[in-house]
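Participant: Below, each chain spelled out in residue letters.
Number of protein chains: 2
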Amino acid sequence: MLGLYAYWNGSIIPIEDVKISPLDRGYQFGDGVYEVIRFYAGQLFETGRHLKRLQRSLNELFIPAPINMDELEKTMHALIQQENLAQSDGMIYLQITRGAYPRSHGFPKGPATPNMIMYAQTYPRPDIIEAGAKVILHPDLRWHRVDIKTLNLLGNVLAKQKAEEKGYHEAILHRADVVTEASTANVFIVRKGVIWTHPANEAILNGITRLVVIDLIHSLGIPFVERPFTVDALLTADEVFLTSTTLEVTPVTMIDDLILGEGIPGPLTRKLQEAFTRHMQAHSTSETRRASEETHI
Amino acid sequence: MLGLYAYWNGSIIPIEDVKISPLDRGYQFGDGVYEVIRFYAGQLFETGRHLKRLQRSLNELFIPAPINMDELEKTMHALIQQENLAQSDGMIYLQITRGAYPRSHGFPKGPATPNMIMYAQTYPRPDIIEAGAKVILHPDLRWHRVDIKTLNLLGNVLAKQKAEEKGYHEAILHRADVVTEASTANVFIVRKGVIWTHPANEAILNGITRLVVIDLIHSLGIPFVERPFTVDALLTADEVFLTSTTLEVTPVTMIDDLILGEGIPGPLTRKLQEAFTRHMQAHSTSETRRASEETHI
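Chains A and B, in that order, give the protein sequences. Counting from 1, position 220 in the first sequence corresponds to residue 227 in this note's numbering; the numbering is continuous, with no gaps. Counting from 1, position 269 in the second sequence corresponds to residue 276 in this note's numbering; the numbering is continuous, with no gaps.
Residues of chain A placed beyond 12 Å of chain B at every Cβ, according to the derived structure:
| id | residue |
| --- | --- |
| 1 | Gly17 |
| 2 | Pro73 |
| 3 | Met76 |
| 4 | Asp77 |
| 5 | Glu80 |
| 6 | Gln94 |
| 7 | Leu144 |
| 8 | Arg198 |
| 9 | Lys199 |
| 10 | Val201 |
| 11 | Ala207 |
| 12 | Asp222 |
| 13 | Leu242 |
| 14 | Ile262 |
Estimated spans, in silico, between C-beta atoms of each pair:
| id | chain 1 | residue 1 | chain 2 | residue 2 | range |
| --- | --- | --- | --- | --- | --- |
| 15 | B | Pro206 | A | Arg234 | 33 to 41 Å |
| 16 | A | Gln62 | B | Pro274 | 48 to 56 Å |
| 17 | A | Ile229 | B | Leu9 | 53 to 61 Å |
| 18 | A | Gly55 | B | Lys173 | 33 to 41 Å |
| 19 | B | Val185 | A | Asp222 | 40 to 48 Å |
| 20 | A | Gly55 | B | Asp96 | 50 to 58 Å |
| 21 | B | Gly17 | A | Asn75 | 40 to 48 Å |
| 22 | B | Leu218 | A | Asn75 | 44 to 52 Å |
| 23 | A | Gly55 | B | Pro109 | 23 to 31 Å |
| 24 | A | Asp263 | B | Asp245 | 45 to 53 Å |
| 25 | A | Asp263 | B | Asn208 | 21 to 29 Å |
| 26 | A | Gln62 | B | Leu9 | 27 to 35 Å |
Worth flagging that the hints you see were computed from the coordinates, not collected in a lab. Every value quoted in this text rests on a predicted model; they were computed, and no experiment measured them. Every residue gets a Cβ at the ideal spot worked out from N, C-alpha and C, and that includes glycine.
If we strip away everything but chain A, and leave its shape as in the complex, we get (with noise of 0.2 Å):
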């Protein structure tokens, strides 16, 4: 559920009371960049390596940052303590776009005046991390800087508004033949014991849940290949899974009218699972400790 408030150009008001121009460049041409982070009984989960991606698509799209890193972690804090949501699982969206102009397709001349929203909001884990989620096999029609987290999202909102016409949760998108990423996550497959994904270059979105993922990958030991795959790999594959910031690790169970393997959440994607719930508790309580330890100075 969404929150009352926002962060809004340097001070938390009610987000009713947020006004964006039209001439707002975010609103003309999508001129923009954004984050959804997780957080767990009100922890922020991975933030660093977020604020770390949230400056590079600024830099990609010649942005200045209107916030340092720091006060925006603080402010992404604030949020959570104004909406009570100390004690909840949620998300925070935040959005930096250049800021509101006479429109003009290039960069505006002058001083830069980003325009910031960020806000917070409830999100209970989705039950198909559990149950499994339906996919449909789409054409990824996107843009060719996908690895820029930018506001031009019509490719993936139209991809997946197919898979919910048909009753599904997600997409899988593949340029030609090679599959690359879903949606509104990353997809992984398993092939005889060796997990796959698409390597992080401009045709996918370098997911954060898809870096702690790789990392789990390592540490428990698992083959891996950062590769493209192809639609008939995917389709072959014993199991494959879906990875992002609210999906988490979500087992892929149909694709189509295709049933995968068993049709239940293969071996690998459970052990993966498991290990992505500890990491996440983990890091939770270490973020605890750390808010706790700040408060005694």
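With chain A held as given, fit chain B onto it using these hints.
Facilitator: Chain B alone, transformed into the frame defined by chain A:
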């Protein structure tokens, strides 16, 4: 120069009173469409074709029109009156988004609440229509449905910005070896007396000025093919010109460091510019007459 007023969801109000929600899907996903419609001496140009394309864009994204197209045209005239632009050259910008909802990629369930903003501004004819434009070549990084006039414009923005950083006016885009269009215009070339332009498929935006110019090419009896052409064909063309609502028919005189032909607008380009101006004047006259006749009913 930007006007003081905007049409916003049914009323004409001061533009600074328009308050876009941060949850508007136009802001979070670029989930919306737009049009830019030119007026000369207060007379709208090719409104019918613009509104037909707008309706098509809405259909492709499954956004219901928040206003019927006749009403929309009347509102454009009202805005021009409100801004005292009845004798001015300018343009109308209009944008329709899917509306504001809690963020989720798939379309919102329940009643549709699209948001529509529209405003008028003065816009003088750019000098480069006479003098010719310098352009860079740039990879076409955009998504694969640019036939829909959506707000997902970062691929255009970044290419245009590259051109402007070099002191140039436009970027001509190519997918691999094929020229598609420019960052804010369509591209035509002349080779041995034949005019070429990319066919209107999902790889280009089917410009209204493109359609007008194709009509003019036919009526002038100039040989014409609507076929893809390569970067090599572009660079060795006898003439190159751009078409768009704001650029009308603009000759290209330089591509990167290559001076085209004699570095001055070519004869077929000039012929089409003259034909375009005649068409535009005839059109404006008849619009004026029609408006005047309507007043007397």
